[in-house]
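With chain F held as given, fit chain X onto it using these hints.
Protein chains: 2
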Amino acid sequence: MYRTHSCGELRIKDLNKEVILSGWVQQSRDLGGMTFIDLRDRYGITQLVFNMDVNSGLCLEARELGREYVVQIKGKVTERSNKNKNIPTGDIEIIVSDLNILNRSDLPPFTIITDTDGGDELRMKYRYLDLRREPLKRNMILRHRMAKETRKYMDSQGFIEIETPFLIKSTPEGARDFIVPSRMSPGEFYALPQSPQTFKQILMVAGYDKYYQIVRCFRDEDLRADRQPEFTQIDCEMSFVTQDEILNTFEGLIKHLFKSVKGIDIHDSFERMSYKDAMDNYGSDKPDLRFGMQIKNLTDLVKGKGFGIFDNAEYTGGICAKGCGDYSRKQLDELTGFVRRPQIGAKGLVYARVLENGTVRSSVDKFYSAQDLGTWSERFNAAKGDLMLILAGERYQTLSALNELRLELGKRLGLRDKNRFIPLWVVDFPLLEWDDETKRYYAMHHPFTSPKPEDMAMLETSPGDVRANAYDLVINGIEIGGGSIRIHNKDLQQKMFKALGFTEKEAQHQFGFLMDAFRYGAPPHGGIAFGFDRLVSLFAGLDSIRDVIAFPKNNVGKDVMIDTPSAISEEQLKELKIQINLQNQKKTRES
Amino acid sequence: MYRTHSCGELRIKDLNKEVILSGWVQQSRDLGGMTFIDLRDRYGITQLVFNMDVNSGLCLEARELGREYVVQIKGKVTERSNKNKNIPTGDIEIIVSDLNILNRSDLPPFTIITDTDGGDELRMKYRYLDLRREPLKRNMILRHRMAKETRKYMDSQGFIEIETPFLIKSTPEGARDFIVPSRMSPGEFYALPQSPQTFKQILMVAGYDKYYQIVRCFRDEDLRADRQPEFTQIDCEMSFVTQDEILNTFEGLIKHLFKSVKGIDIHDSFERMSYKDAMDNYGSDKPDLRFGMQIKNLTDLVKGKGFGIFDNAEYTGGICAKGCGDYSRKQLDELTGFVRRPQIGAKGLVYARVLENGTVRSSVDKFYSAQDLGTWSERFNAAKGDLMLILAGERYQTLSALNELRLELGKRLGLRDKNRFIPLWVVDFPLLEWDDETKRYYAMHHPFTSPKPEDMAMLETSPGDVRANAYDLVINGIEIGGGSIRIHNKDLQQKMFKALGFTEKEAQHQFGFLMDAFRYGAPPHGGIAFGFDRLVSLFAGLDSIRDVIAFPKNNVGKDVMIDTPSAISEEQLKELKIQINLQNQKKTRES
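Going down the list, the sequences are from chains F and X.
Residue numbering for the first sequence follows our numbering, beginning at 14 and increasing consecutively.
Residue numbering for the second sequence follows our numbering, beginning at 14 and increasing consecutively.
I should point out that these hints are in silico values taken from the structure, not numbers from a laboratory.
Please read all numbers here as calculations on a predicted model, not as lab measurements.
Please note: incorrect hints may appear among the correct ones.
The list treats identical chains as one, so a pair stands whether inside a single copy or across any two.
Straight-line alpha carbon distances no greater than 16 Å define the calculated EDC-like cross-link-like pairs of lysine to aspartate or glutamate that follow [unchecked claim]:
| no. | residue 1 | residue 2 |
| --- | --- | --- |
| 1 | K590 | E74 |
| 2 | K26 | E147 |
| 3 | K587 | D257 |
| 4 | K518 | D576 |
| 5 | K30 | D385 |
| 6 | K503 | D119 |
| 7 | K511 | E407 |
| 8 | K587 | E201 |
| 9 | K289 | D478 |
| 10 | K299 | E417 |
| 11 | K299 | E284 |
| 12 | K268 | D278 |
One chain only, chain F, in its complex shape (with noise of 0.2 Å):
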């Protein structure tokens, strides 16, 4: 038996009993006489006593330890005369009696501790001794807790767990596909799929009304931001319900991880908001509630006045930051600077302030009246002591610089507590989204999204202006999951297929499948998929998922501790008849 109990189990209540550890040494101190060693495990760390006086060879012996090393020992507990308040276990220590080491270790490139001094690089190619970290292994922790309590939840709520392929076939939105040659048919391919999603409503034809999944989906795409090639879903679906059922039972699966694993009660209601409001007033389709500041639409007031980059632009619009009226010149330019990145590419920052006699200073007064001034803060609701932010120009654009523009004041006001949650659900959004590039119309969010039954008449005399039955749940400004209803009538499939483009040819290779299956009794039907990493990073108070994913990849797809992706031998290849060129898209482009 390599122990009797864990590092991190031992009380005053186990004093004198024999109990034998096993662990890695995390430090190792020499005080004359006397060689301390902290014991850590998963579950924490117990300090280990030897005494020259008692047992010298055996002191000496654990003066030898090096951290990391492994060893089990064998010892009594003893009351610690200065206790570590610190920690659980630190009212007790251990009078060693043997030691036996069960592996060397060399010496870590970097220290084992919180705060590390391993960089990012060196911390993924050690990524066994990472994880050995606290905040890692915290992370590990609560990812496991919060896929326990996610299917607690769906069980309560009848939901069954089915399994879906990894093998399926290639889709449309093809380029993003990770492929897989298959041996047994020579020129052809599995794809892996980005979701279950045509799997989940199949299922719901066959007549699993409740269905989840917490499932891996794959997308190989560029991978700026946050993304990763592999990520987890929690991936749902419904039958014969309405998009109000489908909202309150998620809405019930987050109050319920934010109560069970944070001790978070939420009682109201999740807010709901239309897209179109989200865009108005916050200039994002995620906006973070955690404050308000909302984005006030001017255009109406400053046309006229004889401003040309106002009377030109299509929208001028802005924020008021709350008692930033004292904002330096300094403090001014570095706003200026951040709405110029080419980010955000803003063309510059127009403020205007309320003075302490609540007369409005700008820096535009050569065009704008006292009068006309007034009339701006008293749509912000401007007060004395506050800074009004305006920007102008092409209607979308402008609003999206607001919104990072507010993200970041909120960021510089301390408004955004990582403390505090709000859920949103912003719901209606469009049906379809246009893309200048390619000409035609796009799923925002997939061809399987129901249109609204009111807006239907619109689907083919203008298409921009369909509403969808489709949700997204966000969270401080962080889009947490969505979904939709889908369709569920053939018909309607095929009328959305045509509105996006596909040739007949082309919907029947690809969706085949869901279309024939819809000829045999499809019930209405929708449903939801959540970011699992998304939520986990959200829950743990980081800003990136990679650290609650135990072997993330890096940011060009790459895993550096396995070293892979990889050359495999030119046999493999052989069997599964491709070969490599290389040059392939050089050439394609060349001719």
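Chain X only, in chain F's frame:
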């Protein structure tokens, strides 16, 4: 709201309630003035009643409903005069007042009933219809429950579920890997995991001493027998444990599953049998212990009496079929035919009956005296009316053939009851297997399995005799799981790779990260993996795993419902910088 109740929910206590139900039309019966419809959903079947006298319009509408139409009805719960004791809702029926057709259905290509008329091919193509059938539904729900109870038990034992990556690195047994071209690293590939083996060991090095995962694995091999290219494992690993502790922990899991899912109490500890005993007494490393009929070695008794076949055989042995002494010529010929099948490959079958008068009559009486035959029946402990069946030849082949013969007789004699479950741990497997073709040893389990310390010395002198700390769980002759204590010492692991014929470079290329990890304090560890599909099919009483998987592939790895694998676009191939070369292999063979 689509429904107030499910179709399996209403009882006599609900009389006179106004309810809304939604579901599929299972069948419709037209009895003159009345039309009865069985409405089906996941939860059951409820009878709907339409009465020509009460509402002729509605009744005529109801008569138009075809099988598998999806309908929503409103109506009142009434007591049935003609109660159906076979279904839980059989006491009531619904007098329908409103009928709403949610979706129509073409006539299904086979009937949605327990004993369907659909062939395998058709059922696979229309899997969504097949999944509506009661037996498949039962299997899916059983699978869900088993996953749930597995997690419950593992949680109760302090295991944490950690997800490991799917895009990993191709291993030396690379021919069995599915590979995935990387777009971002042209010419390089990921591989899909055959199991999370190295990752779970890495997690042990990282200090997560109790890991589990219910996880998809992939193997690109010819799908003889009952295999799938993707399958699900219950994958587990523990640190600081002995083999005994591992066996006890997972014996607990299996007992928990039997108890919670099938209501079967298994009080006794599972029998543990060495690989050697299993081979000697059952001719198999996965003996079916639902019946005895052990194999007896007769080699020492049969030689030197002039019967050439036994004289020249390395091994002669047999089984004793209780009460089969009266087998007819025809029955014996059948058994002879059975063992002569090419898959079994015996040359002939010798038999001996114990007659009512106690004498033994055999098919080789010419060579063996009554006294000789007496020694045989003594070895078999054969009684009056028993039949001894004897094979001879090369030892391993003969034992294998006797195993098949034993199983066949067990089947014929009704000794393999699907409702009895006899679990068995087979332990002390050989570490290595010699392969005559390639003239080298292979790891019987995998290259990370630890040799038994007491056999360690033989690793260089007689590698074939070294036993491993490896174990399989066998239930009713089916291998349900297997595992081992792993090597956790870098030097021993290197020695193992060498014994397996890896060059140092190959070992470093494939498993460098694991060897690296072992340099930083790897704890003693071991684990096990269970074939989840196999376990569910055992619980379901099925011989195949196909019907416990929602969307299985057929025996050439195809999903005929979605039609995959399939061709992908030139575009995609170009982006991935690969091309198809169907001549590839042929050319190589000619060269």
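To test your reading of the hints: which numbers does this structure violate? 1, 2, 3, 5, 7
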